[in-house]
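Engineer: Residues per chain, in single letters:
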Amino acid sequence: MGRRSSSSPSDAAFHATLVLAGLGVATVLAGVAWEVLDLAGPAMQKGGLSFLTGTTWDPVAGEFGALPALYGTLLTSAIALLVAVPLGIGSAVFLSEIASSRVAAVAGVLVDLLAAIPSVIYGLWGLFVLAPLLRQHVQPAVQSVLGDVPLFAGPPLGVGYGTAGLLLAIMVIPVVTSVSREVLKAVPDTQREAACALGATPFEVIRGTVFPYARSGLVGAVVLGLGRALGETMAVTMVIGNRYEISASLFAPGYTLAAVIANEFAEAFSPEYLSALGGLAVVLLGSTLVLNAAARLLVRGVRHGGG
Amino acid sequence: MSLASVMAPVPVPTPSPGRVAPPVPRADPSPALREEPRVAKMVVEDLSAWYGRRKVLHGVSLPFVKDAVTAIIGPSGCGKSTLIRCLNRMHEIQPGAAQSGRVLLDGRDIHGGHLDPIELRRRVGMVFQKPNPFPTMSVRDNVLAGWRLTGTRPKDPDAVVEDALRRAALWVEVKDRLKAPGGSLSGGQAQRLCIARALAVAPEVLLMDEPCSALDPIATARIEELIHELAPTVTIVIVTHNMQQAARVSAYTAFLYMGELVEFAETAGLFTRPADPRTEDYITGRFG
Amino acid sequence: MDAWLYPPPPQRTVSPRLRWRRLADRLFRGAVVASVVVVLAPLAAVLATVIAKGAPALDLAFLTHLPKPVGETGGGVGHAILGTLFLALGGLGIAVPVGVPAGVFLASDRMPRLAGVVRMCADVLAGVPSIVVGLFAYTLLVMPFRQFSALSGAFALAVIMLPTIVRTTEEVVRLVPPTLTEAALALGAPRWRAMLGVVLPSAGKGVAAGIIAAFSRGAGETAPLMFTAFGSQFLSWNLLQPIAALPLVLFNYAVSPYEDWHAQAWAAALVLVVLVLVANLVARYATARRSA
Ligand SMILES: Nc1ncnc2c1ncn2[C@@H]1O[C@H](COP(=O)(O)OP(=O)(O)OP(=O)(O)O)[C@@H](O)[C@H]1O
Ligand SMILES: [Mg+2]
Chain A
0 MGRRSSSSPS DAAFHATLVL AGLGVATVLA GVAWEVLDLA GPAMQKGGLS FLTGTTWDPV
60 AGEFGALPAL YGTLLTSAIA LLVAVPLGIG SAVFLSEIAS SRVAAVAGVL VDLLAAIPSV
120 IYGLWGLFVL APLLRQHVQP AVQSVLGDVP LFAGPPLGVG YGTAGLLLAI MVIPVVTSVS
180 REVLKAVPDT QREAACALGA TPFEVIRGTV FPYARSGLVG AVVLGLGRAL GETMAVTMVI
240 GNRYEISASL FAPGYTLAAV IANEFAEAFS PEYLSALGGL AVVLLGSTLV LNAAARLLVR
300 GVRHGGG
Chain B
0 MSLASVMAPV PVPTPSPGRV APPVPRADPS PALREEPRVA KMVVEDLSAW YGRRKVLHGV
60 SLPFVKDAVT AIIGPSGCGK STLIRCLNRM HEIQPGAAQS GRVLLDGRDI HGGHLDPIEL
120 RRRVGMVFQK PNPFPTMSVR DNVLAGWRLT GTRPKDPDAV VEDALRRAAL WVEVKDRLKA
180 PGGSLSGGQA QRLCIARALA VAPEVLLMDE PCSALDPIAT ARIEELIHEL APTVTIVIVT
240 HNMQQAARVS AYTAFLYMGE LVEFAETAGL FTRPADPRTE DYITGRFG
Chain C
0 MDAWLYPPPP QRTVSPRLRW RRLADRLFRG AVVASVVVVL APLAAVLATV IAKGAPALDL
60 AFLTHLPKPV GETGGGVGHA ILGTLFLALG GLGIAVPVGV PAGVFLASDR MPRLAGVVRM
120 CADVLAGVPS IVVGLFAYTL LVMPFRQFSA LSGAFALAVI MLPTIVRTTE EVVRLVPPTL
180 TEAALALGAP RWRAMLGVVL PSAGKGVAAG IIAAFSRGAG ETAPLMFTAF GSQFLSWNLL
240 QPIAALPLVL FNYAVSPYED WHAQAWAAAL VLVVLVLVAN LVARYATARR SA
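Residue numbers (numbering that gives the first Met the number 0), protein chains in the order written: chain A, 0 to 306; chain B, 0 to 287; chain C, 0 to 291.
Each hint should be verified, as a subset may be incorrect.
[Stated by the list, open to error] List of simulated lysine to any residue pairs, SDA-like, C-alpha gap at most 25 Å: (1) A:K184 to C:V32; (2) B:K129 to B:E228; (3) C:K67 to C:A51; (4) B:K154 to C:K52; (5) B:K174 to B:H240; (6) A:K184 to C:R28; (7) A:K184 to B:S183; (8) C:K52 to A:L132; (9) C:K204 to A:L132; (10) B:K129 to A:L132.
[Unchecked claim] Far from chain C, by Cβ distances over 12 Å, these chain A residues were calculated: (11) G61; (12) G64; (13) L69; (14) V141; (15) S143; (16) P155; (17) K184; (18) D188; (19) T232; (20) A294.
By construction, these hints were calculated from the structure, which means they are not laboratory data.
All residues carry an ideal CB built from backbone N, CA and C; glycine is no exception.
Working from the sequences, and respecting the hints, build out all of it.
Structural biologist: Written out as structure tokens, the structure reads:
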């Protein structure tokens, strides 16, 4: 404490450098937001709310409506979460509550590898393995039973909302799993012991005390997964089908915000066109910023004790 | 083994020759004890326990007399917590933990096939050193946790809650805030809440691992009072570092040293005329 | 002689309620184990397919040659492998000088308010979609020059790598026992000397692991390069010219209509997977040894 003397000029300079670097990180984030907003400015001013609600995307005519892409993003993300949340939290429970430490270490590494595989490779696999599989076997089978339901209508193409959603699920699962695992680990053992000593089975311990204690953190894990799903680009671009429409069917091709940007940005020929794509990016960025900030707060809440 | 030992309750086993300390208290038992036949609610026979390769209990044998308070004393790290965790099979849930020997409840081995550990833990309740109420449950739900967690409910939950809280000497303080979260109580209140939680499922045996170590003198006195009140109906095993506390609350005391049972005797006798020099050293504060 | 001598066998009087609870417990555990299996199945499937389809098309020529025009067979992705290394290392060159000191700042616990904000920014930045990062690099470094460039690609990757570097650095610097710093300070060393001479070296392996992990993350990114590095048919070391990258080649080949290119896409995928996973495992190994 008493070593104030150590704040020599060289020390102050060193500290200033560190602070500067820290500010640099904040600046990058601010820069991203600023530049994207700046790019999107004209489109948002011109279109206003109709930019979000319009359904036509006709760059030649200068008409830009984001709704079909927004719809595709939300639908594929919803499918992904539906699949990824139970599997991801289930895996986290296995890793932190059930498995021996050795099995958990190995399985944990494998789950992390799942996250390390580049998304373009998932896209490749989705395009040449998963989509044909769904087209030839799964979709006809589903249609033979539920053919009349609009959710499963249309020709089996292999690519589309459903395929993109499944592929997204694979990529979201490691996020949900590793964050959930961290959150479950933060639950004090005294809580588990207390429940166990009352005669609860392991399942009852987890359901009755571990989950409630970790609840906000688990919600955070799911929100973080949602953020990942919304912004995921390459794999989705390869299997979504690239059709700018809104369809009720999971088998139908569609589009997502990120896929539109990826496919069209390099070829955007007019400032309005670029700006409209910037508008899509603003929607994407805005939602992921909010989701990530919220998720971090939720997860941190659990680590710092309960709730 | 005779049929008698299978049927509950069993008499306190007679000391086997060569034991360090006779399991039966010597020296004139107090009148109360002399009147009723002493039966052992639980018996530990040649119990050894390990964490990984480390052996922390070495062939401990002793009885826990029914509806009486037994104190376990000994220096830190001597295996007191391990011993009582073996009594409700909480020891074995730790990774790497192992044990040998027998633990009898009402004369039957708790590891025998007749008793699921889940049932056992309901009959042998536990209070931990650090209060561990469930922060996400209300005070009321904490008391009922033993029921709710296991998917059952008592016939009259309100009565159970009130009775358990009264017995834990907490009712007056919390009766107006039963809906408050379990984490909102003070340390001493939280510990009494944990006791109420354990009592709510009407255990036959109550294990208390240094229940007062986190408490101030007033809360400690409350809990000692509570132990006195419970003793006629519940078999209590209490681990304590506080010799005065052991002397105040218990009828029997076991002195554990480095994983071995050095001495087990009636409390009054053990504190006035310890049989083993190590016991004497410990209770007079010469080590530990 | 008579039954009295023998105790009756212990009766298992398990109530139906308890049996049901035990069953529920077992079902739950089964479901949890099954979920891990289902989660890991795609990993196995993807890796198996990449190896099975990629290995046949993989040879030395593929790794070293430039691509051939459509119609001609043969050709390789040598330019893209070098391009990816160039971009990823360039990204590190930008991200490390900012990320490591920023991580040290977060671990130093001076100015906790600001540290909280910076930490939050790093976390949120990690969640920014990579395509948006590409757009940021585009507006910053492509629009003004009216030219796709390696520089803009490396910058985009740097933004993606930054959060990983910041957070791992913070974590590993925090693991250094404070007594070490105190010892250095007690010897009269100024704080910065203690940091550079004592703390960073002992956290060095962990910091390096974070950097390798960031490399692994950046090397596999496609979206942020699509309108920055853009891709090229040639090998070029000009920072202000477009440059090829393995993920871009992979993507372009995959969505092309040519069988031959599909085969090359799988081979490129194999190279990319090996590159990324090896880097990832090296980083993991370094941290595992550290904490052991
Ligand atoms: N989970 C564990 N893993 C490994 N060793 C353990 C574990 N728990 C306890 N031990 C060791 O076993 C020995 C007995 O521990 P135990 O907790 O039973 O002691 P104790 O008498 O209750 O001590 P205290 O009075 O400090 O609570 C100690 O040496 C301790 O280090
Ligand atoms: Mg203890």
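Engineer: Given the hinted pair K129 (chain B) and E228 (chain B), is their Cα-Cα distance within 25 Å?
Structural biologist: Status holds; Cα separation ~22 Å.
Engineer: Please settle this one: T232 (chain A) was flagged as non-interface, so is its CB more than 12 Å from every CB on chain C?
Structural biologist: Non-interface label fails for T232 (chain A): nearest chain C Cβ at 4 Å, not farther than 12 Å.
Engineer: Next pair to validate is K52 (chain C) with L132 (chain A); report whether the Cα-Cα distance is within 25 Å.
Structural biologist: The given pair, whose Cα atoms are some 16 Å apart, holds under the 25 Å limit.
Engineer: Measure nothing beyond the straight line between the CA atoms of K174 (chain B) and H240 (chain B); if it is 25 Å or shorter, mark the hint as holding.
Structural biologist: Outside the cut-off at roughly 32 Å; violated.
Engineer: Is it true that the CA of K154 (chain B) sits at most 25 Å from the CA of K52 (chain C)?
Structural biologist: violated, 66 Å
Engineer: Holds or violated: are the alpha carbons of K184 (chain A) and V32 (chain C) at most 25 Å from each other?
Structural biologist: holds, 18 Å
Engineer: K67 (chain C) and A51 (chain C) were given as a pair; does the straight-line alpha-carbon distance stay at or below 25 Å?
Structural biologist: Distance of about 24 Å is within 25 Å: holds.
Engineer: L69 (chain A) clear of chain C by more than 12 Å, beta carbon to beta carbon?
Structural biologist: L69 (chain A) is indeed farther than 12 Å from all Cβ atoms of chain C, at 14 Å.
Engineer: Beyond 12 Å from every chain C Cβ: check whether that's true for P155 (chain A).
Structural biologist: holds, 20 Å
Engineer: Given the hinted pair K204 (chain C) and L132 (chain A), is their alpha-carbon gap at most 25 Å?
Structural biologist: violated, 44 Å
Engineer: Measuring Cβ to Cβ, find out whether G64 (chain A) lies farther than 12 Å from everything in chain C.
Structural biologist: Since the minimum Cβ distance to chain C is about 20 Å, G64 (chain A) lies beyond 12 Å and the statement holds.
Engineer: Please confirm whether V141 (chain A) is truly not at the interface, meaning its C-beta sits more than 12 Å away from all C-beta atoms of chain C.
Structural biologist: Answer for V141 (chain A): holds, closest chain C Cβ roughly 19 Å.
Violated hints, listed in ascending order, are 4, 5, 9, 10, 19 and 20; each of the other numbered hints is respected by the structure.
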